[in-house]
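Residues per chain, in single letters:
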Amino acid sequence: MSFLFLVGVELKKIRRSKIFLILVLATVILWIPSVLNADLNFGMQAEGISPENNFFIQGFMAMAWFIFPATMVVITVLQNQTERAGHGILKMLALPVSTAKLCMAKFVVLVSFSAIQFLMSIGMYYVSATIAGSMQNYNFILPPLFIFKEVGMMWISSIPMLSLFWLLAVCIQAPVFSIGIGLASVVPSVLIINTKVYFAYPMAYPFFVITSEYGKLATNLNTAQVELIPWLPVAALITVVCLMISCIRFGQAERR
Amino acid sequence: MSFGLELRKVKRTGFLPAFLGGGILAAAVPVLNMAFRSEIYVGINAAPVNILLNANWQIMSMFNILLVVVGACIMYNTEYAEGAIQKMCTLPTKESTMFFGKIAVLIAVSILLLLIETISVFGCSVHWFEVSADLYMETLKSFGFFLLLMLPTVFCALLIASLSKNMWIGLGIGVMCVFAATMIPSQNFVLTLFPFALPFQTLENHTADVIRNYAAAGAVETVLIALLEIMILKVRRSFE
Chain F
14 MSFLFLVGVE
24 LKKIRRSKIF
34 LILVLATVIL
44 WIPSVLNADL
54 NFGMQAEGIS
64 PENNFFIQGF
74 MAMAWFIFPA
84 TMVVITVLQN
94 QTERAGHGIL
104 KMLALPVSTA
114 KLCMAKFVVL
124 VSFSAIQFLM
134 SIGMYYVSAT
144 IAGSMQNYNF
154 ILPPLFIFKE
164 VGMMWISSIP
174 MLSLFWLLAV
184 CIQAPVFSIG
194 IGLASVVPSV
204 LIINTKVYFA
214 YPMAYPFFVI
224 TSEYGKLATN
234 LNTAQVELIP
244 WLPVAALITV
254 VCLMISCIRF
264 GQAERR
Chain U
16 MSFGLELRKV
26 KRTGFLPAFL
36 GGGILAAAVP
46 VLNMAFRSEI
56 YVGINAAPVN
66 ILLNANWQIM
76 SMFNILLVVV
86 GACIMYNTEY
96 AEGAIQKMCT
106 LPTKESTMFF
116 GKIAVLIAVS
126 ILLLLIETIS
136 VFGCSVHWFE
146 VSADLYMETL
156 KSFGFFLLLM
166 LPTVFCALLI
176 ASLSKNMWIG
186 LGIGVMCVFA
196 ATMIPSQNFV
206 LTLFPFALPF
216 QTLENHTADV
226 IRNYAAAGAV
236 ETVLIALLEI
246 MILKVRRSFE
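Each protein sequence line maps, in turn, to chains F and U. My numbering puts the first residue of the first sequence at 14, with every later residue one more than the last. My numbering puts the first residue of the second sequence at 16, with every later residue one more than the last.
No lab work stands behind these hints: they were computed from the structure. Values in this document were obtained by computation on a predicted structure and should not be read as measured data. Note that the Cβ used here is the ideal one computed from N, Cα and C, for glycine as well. Treat the hints with care, since some could be wrong.
In silico contact screen, one side only, chain F against chain U (beta carbon under 8 Å); selected entries [stated by the list, open to error]:
(1) Gln71
(2) Ala75
(3) Val87
(4) Pro156
(5) Pro157
(6) Val200
(7) Ala213
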């Protein structure tokens, strides 16, 4: 079976999971305060950031800090629980498909859901920017090229985090620990982006990317900038190691 | 009886170690904060407990709420996962008895959680600040306030968990509620009455009147959510 076919199968499995509803709700909740408090964007002279940039950055900062990692944890739960209910995973493991391929197919689904959530956020950003703009008589809308570049960066930087969440979901059988560790690991990222070792903590990556962009757009604000040298190798290493371990460990508890 | 039963059900899910671990993690926040940056806080002219809670409670309560949400989802997941709830429904007990049994367990572990955190805050006050006579009273009062405001969260989280047959839906809604709570401005009294936003409140940021209002609101919300759950269970039962 080709890899793409397996990804398609995995997508079909969660077709009826109502996960889209949760993702949509999450993005709506994300942007409501931004629209209601749109007037606050005009009081950012101290930071030296233009209202439209601030509108964009604040919204995506709230997303990158908590709700995005948290919904990704929820999706790993979804993927695991649909397989465990009715022992679906045993049937999958009985098929002549390599377990590593299965594991990677599920990971690809997780990554594509992260992309979907970012795309939804962009869509919602344009909707709320239009609403806020008409409320405040100000043009909050930024060019799509810029938005897609920034959000694309956030998405790519979130892949190590996703691989770590996937490792937790595969290796830790008790859901209370895999979920608990996943959610709890999100909370300190707000502290970690201000330290020098941010590159060792994948949960902080997307938040770090957007805060460093905040520093670039706000003339009076200095936030740490992206340094590719310690970061890129470390992130790649984390991703590869996490994915390798999860491919090896995938299905081992069930086969015993 | 229900309490012991529910406790035994969660025994092998790793529920208790998770809460213990989470409590220790949350308790480590003020300790680490003081260990690395004590110079920022020692000079402030306020009661030690106030300084510590102002600096750390947002993150600590975030841990608490997330733990409660996950714990609630796990408790009902063990019922729904293998259809155990159907067997429970055939027994001569009410479904609401099970709910309150679970509530009792969740409250017990929340007390454990808050106890670990209170000990940590107290220890930090003794170690880094000068101890005054009313330190014990202040700490105890804070602990009681936090416990009372935690109740609506516990009830609401378990209500959401009890309504979702699939864990990810309960967890997803719970996580979204936590997220919404973090976005609520803490000055707006009406909005902070949202059950998941209440545990972020601390005693020292408010006057006695507001504190009394919060306490009353916490109690009222708890009762209301409990009544709502009983009603929902009754209605659901008659449609199944």
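How the hints compare with the structure:
{"no.": "1", "hint": "Gln71", "verdict": "violated (11 Å)"}
{"no.": "2", "hint": "Ala75", "verdict": "holds (7 Å)"}
{"no.": "3", "hint": "Val87", "verdict": "holds (5 Å)"}
{"no.": "4", "hint": "Pro156", "verdict": "violated (27 Å)"}
{"no.": "5", "hint": "Pro157", "verdict": "violated (26 Å)"}
{"no.": "6", "hint": "Val200", "verdict": "holds (5 Å)"}
{"no.": "7", "hint": "Ala213", "verdict": "violated (16 Å)"}
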